[in-house]
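Can you make the complete structure from the sequences, with help from the hints?
Okay, here's what each chain looks like letter by letter:
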Amino acid sequence: MQFLPELILLGAGLIIFVVSLGKTNADTTRNIAIGLGAAIFGATLLSYCQTGKLFFNAYQVDLFSQVFKTLIAGAMLLVLIFGHKLKGIAAKVHPEYYFFLFMSVLGLMMLVSSVELISIFVSLELSSFAVYIMVPMRNDEGEFRFQMEAGIKYLLFGVTATGFMLFGMSYMYGLTGSTELSVVIEKLSTMWTQPAAVIAMMMVLGGFFFKLAIFPFHFWVPDVYEGASNETTAFIASVPKLAAVAMLIRLVSLIGGEGQVILNVLMVCAVVSMFYGNLSALVQTDVKRMLGFSGIAHAGFVLLGILTFQITGYANAMYYIIGYVIMNLACFLVICTVSENGENVQIADLSGLHKRSPLMAFTLAVGLFALAGIPPFVGFMGKFMLLTGALREGYMVAVVLAAINTAIAIFYYLSVVRVTYCSDPEERASVTPSMMTNVASVFLLLAIVIMGVSPQRFVDFASTAVQTIM
Amino acid sequence: MDQLISNPAYPHILSILIFLPLAGAFLLLFVRNEYFARYWALGVTCLTATLSIPLLMAFDIGTSKFQFVEQATWIKSLNIQYVVGVDGISILLVLLTTFIMPLCVIASWSYIKTRVQAFMVCLLIMESAMLGVFVALDFVLFYILWEAMLIPMYMLIAIWGGPRKIYASIKFFLYTLAGSVLLLVAIIWLYIHNDYSFFIPDMMWQNYSSTAQILLFLAFFLAFAIKVPMFPFHTWLPAAHVEAPTAGSVILASVLLKMGTYGFLRFAIPITPEATMTLAPYVLWLSIAGIMYGGFTALAQHDMKKLIAYSSVGHMGFVTLGIFVLNTNGVEGAILQMINHGITTGALFLCIGMIYERTHSRELRDATGVGKHMPIYVTFLTFFSLSSFGFPATNSFVGEFLIIAGTFEHSTVLALACIPGAVLAAAYMLRMLQKIIWGGTDNPDQSWITDLNAREIVTLAPLLFFVFWIGLGAQPFIDLIHVSVENLLTNYHGFHSQAVAVTELIIH
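Going down the list, the sequences are from chains A and B. Residue numbering for the first sequence follows numbering that gives the first Met the number 0, beginning at 0 and increasing consecutively. Residue numbering for the second sequence follows numbering that gives the first Met the number 0, beginning at 0 and increasing consecutively.
Errors might be hidden in some of the hints.
To be verified - Sample of chain B residues facing chain A (criterion: CB under 7 Å; computed from the structure):
| no. | residue |
| --- | --- |
| 1 | I74 |
| 2 | E146 |
| 3 | I165 |
| 4 | L176 |
| 5 | I187 |
| 6 | I448 |
These are computed hints drawn from the structure, not numbers from a lab. C-beta atoms are modelled at their ideal positions from N, C-alpha and C, and glycine is treated no differently.
Written out as structure tokens, the structure is:
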């Protein structure tokens, strides 16, 4: 039972592999994939209350990991549902695409349970390599082949980040003589005064900064977001971020006492991410690129919660990343639906969306206003709690800078809403989302509002989950 | 929590007022019938107005405490509560909001032709948020409603506005949001320094350090001065007013602008009294600058809506002047003037909307000489214009008189400086009035124009009634606010005498 979701995922991978051997039509493949996705989500729910240790204590199943597994599976299922047409991927590679998707999710699920350096590395690589292949699987669009460029960039930046991480891990092993996280941290706690310990920790965190797209590991974001197909981007922009935040919380929460000198580094990363992301997003014309830059800024906000070194701060960061994934998925749902043949969506392509599909326009507006942090949506509550937590620890400068960022960010979100609601569709075709997409968008809308209006239950729950790993 | 009184006869009246329009808006989302949408919005706003009457009847004018209080825990871990209540400072603003909204619906009856349901939904959400802002006693609740108002107002301007609606709506949104982000930081700071409580009455009259007070005051000032809008933060206002549909202009002028001045009274003065003392002279001179600037700019406008918009800058300058002279006459005059401006300027925007519906132009020269063909219309317009520049026997006279009397008490120089503003108001209003009623020899042919219909008369008549009621018998209105104002000022001066005593103690 403890390993059920991962086993089901492996099984799902096998089934899809078998499907890829024969010649199935796109609809069947899609239905199989969505069915498997639902089964995986069900399995995470079933194994929700499990606890225990597996594989010689390298793999820890606790409430924290199970919550994140459920979230990862849920987000994956949503991506599968609204991206079900896989418009940007050639039909003949659909089964392979789903196979890599499942393998990547498997890596992420293993990652949130890993408490040993080698298994962290292996799971991270499993999740990354699958995505490196998913990016260039996009249909060839003309001669530019920018999906290849995106794939290569993603691979190179990813490998560099992994290199940093491995280097940090080698330091950790060298300093402590163990790869088990609990032992490593316990021994490191006496040697935070040595620069080597701090550098080792920073480098390991760097690997997760890459997944979460925090400065200075963010360079891949805009090109990969633009080059990958809409469905792949929706996946990259949401699911791995959940796992990255889980691992950041797991690692940072173990740092005690003197180790908090890395606080200053984290704070600089957070603030620079916000400014870099928001200022760059101001001038984008491609919606995915814009959301990519906004994602960098939001990652900075998440870090603001983590660097408080408090349980409430971790819980706020968890609440914020869940909210972010929901808001982001709402926006990507619209992008995937509006894009006719899987091409990229420019901001101008959203013109008059309110006439072409009222529900999609509404979803996009709510998603963007929520990302901008306008109440009563989840984005506001998340930001508010993060700022409160950070100010409570006395980080006045960071809080003021973060607040200023909120004001900068509103401009580009608002300009997309403006296009959606205030311009004419001209000759653009109407958008007809499928039934399943409609259901998914209503679900996301409700989640955005409910999480924003009554955050109490969610934050309490996040605190309980975080407490299990302290 | 001894500042609160709940009223057993009306235990949930404020929540009903807040959530009724919201519920109405929610139901309207599922309706596809335009006629039904209009009648439904009218019904909901009228019902809200009717339900707000008991608030006035049962309001105890003998206390400065918050009345009709409702309290419930909302977010426990952050100690955020749902607390609402009214006192003398907010009661008139609540009533102004509930009574102006049905008029906005009627004014949009034939003006809004596209996406009627969505328009009405925005109006109703606006009403909920505005009422909530005036009665919220928890700072987070206040901030959430304050910000939530931006989205429907943005939509009102951006979708149903005039030719430059995109520019105007974005400017409005950015200005207001940029102003209020530091307010959020101030709120969190206050929360941490008040035993982790967002309860507004507990934050008042505390001894924060001088530096903290100055910084808090600046954060408040930026947010509220943009909303008022005070010179030099006013540039969003003419754009937004000119481009908004009639109902949007009315809501902006009558209610939204009052939130800034309400914020000064509710937050800036009680929470940062020391900083208020230090910075009041600057605010007073900014008010004078606003009065003069608004007046001169209004004099030069040929777009009627812009003219009224700039006149708002001037009128609101009087209000901030009254608030920051910090004596009974000044503050009471300021609150009364907030209501008067809501009534008069709202009415003037309605009048201009009516002309616009006929001529499809806001240009003064296209509306010259309509007096001959629209006798009823110009009668209304005349009274509202007279009221706008504070003609005796109209409402603004009482308000401006009190403000100027208060200013004289405070400083003669300041009072003399604001007098030209009152003269300017007469100049630009009479100029507009003269052109609309008589015009010159080159009037365009207006013979096809029709006078007001019954619906339009019904829209304007209640406002005219209030113009004269407040103008001739303002005492009941002043009685409503008197005790709260006295309490505010006693506390304020008490705070300072205490501070002086402490300083003397330290010196000796």
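Verification of the hints:
no., hint, verdict
1, I74, "holds (5 Å)"
2, E146, "holds (5 Å)"
3, I165, "holds (6 Å)"
4, L176, "holds (5 Å)"
5, I187, "holds (5 Å)"
6, I448, "violated (31 Å)"
Hint 6 alone, counting from the list given before, is not met by this structure.
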